[in-house]
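Novice: Go by the hints and put chain B onto chain A.
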Amino acid sequence: MTLKQKIESDQFIICGEIGPPTSCDGNVIREKSKYFKDYVDAVNITDNQRAIVRLSSIASAKILIDEGVEPIMQITCRDRNRLAIQSDLLGAAALDIRNVLCLTGDYHTFGDHPETKGVFDLDSVQLVATVAKMNSGFFLSGLEMKKAPQFLIGAAANPFAEPFEMRLIRLHKKINAGAHFIQTQPVFDLEIFTRWMERVVEMGLHKKAAILAGVMPVRSAKTLLLMKERVPGIKINDEYINRMKYAHDSKEEGVKMAVEIIQTLKNMNGVRGIHLMPMLWESITPTIIREAKLNKTN
Amino acid sequence: MPENLVTINKPPITASERKVSRLLLFFEDIIKVPLFRCQHCGECILSSTAFICSQNCPKRIRNGPCGGTREDGSCEVFPERKCVWYRIYFRSKLLNRISLLYKIKKIHNWDLEHTSAWLNVFKKRIEAPIWFVRNDKQKVKDIIHNDVETKD
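Keeping their order, the protein sequence lines are chains A and B.
Quick note: the first sequence uses the working numbering, first residue 1, plus one each step.
Quick note: the second sequence uses the working numbering, first residue 1001, plus one each step.
Hints should not be assumed to be uniformly reliable.
What the hints assert, rightly or not - Listed below are several chain A residues computed to face chain B (Cβ distance under 10 Å; list not exhaustive):
# : residue
1 : TYR107
2 : HIS172
3 : GLY204
Bear in mind the hints are in silico, worked out from the structure with no lab data behind them.
Everything numeric in this text was worked out from a predicted model, so none of it was measured.
We put the beta carbon where it would ideally sit given N, CA and C, even for glycine.
Just chain A, with the same shape it has in the complex:
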């Protein structure tokens, strides 16, 4: 079953995430894919995340397909203009990559080449609309293509950044532009997420797109503190930081926390699945999936 069919049926969806290496070593992805293969439905492949040069997301997604894992290719507007975006999308479709996640992209001054020129020809809402237009068989120029790609379109949402209401307006725009599924930023504040989800259900958006809530297992309190300090737009409840700080075994506590969050999310109205992003800790995925009593559907 493909991710598209799973989203159309009523199954609980589990997504993973792999960051490609900062070298041409494709084996890194092959190694990491083992942790996801039998446990998750699809795996995100990041596109030069945090504006650091990495192995390209198309190539990485192709490697995942060869390993038998369904990829979700992320595509950002930071590095490409509308020509390159459409060309890359055609290339991805030709390689049987069926899912794309449309993002605006992290600003380039945060990365390893801060002197570069950010492109930002489109923004993520327009990118979602562009992919939807290509699905219907047309380029942005209005020209018709002989064979239309059939992408499952994803978009991101951040329930935790300010202003709260504006986030819902933007989510509404993305879904209206043609997004089929939405992945959120990692949930470290269940109170805000519950409030956000209630509003999403009230607006009826959960019926039009599958909402996949982000979950990030962390290894130590230091990681959480660094994220709180350095990553704008992420809210972390102090309760979690304290729990990690005073835990006897912080790794074990991290798993326990992730499992707890997953179980709360699973029972929340409107949440269709989770998006697990174990940054630099991919090996923990099987443990978390097992302890949260989740099962990959075939």
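Specialist: Below, chain B alone, put in the same frame as chain A:
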């Protein structure tokens, strides 16, 4: 999905029109630069962003905000400034223009960069500004409600 996603070059800008455009831009700048810090995109959407120029965003997002707005509403790239879209939201709320934020803004036509938006409105390349919004709250409700209905 909006019908026309991109602002197209129709009618195309002629060389003589560019001269007129430059003259008009001179007068447009006298008003728009001090008041709105206009970035001369030539495709003005000021009226639907509560009269705050969205092109001052470092990512030049026309359908903002990005996910990086900090807790106090400052920009992720320049923490000393407020996020443009944060200001747009609160100004729209104040002026009862929230319903305009729901509309997907078209993809920018870079050929219109540094041309007069007034002339472009006159030539019908871009949409005319919306001065008054009545029953904003009802309009927002309609937008949300209609979408739910079409799905069911």
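Novice: Each hint needs a verdict: does it hold in this structure or not?
Specialist: Evaluated hints:
1. TYR107: Result: holds, 5 Å to nearest chain B Cβ.
2. HIS172: Given a least distance of 6 Å, the restraint on HIS172/A holds.
3. GLY204: 4 Å, holds
The structure is consistent with each of the numbered hints, conforming to all of them.
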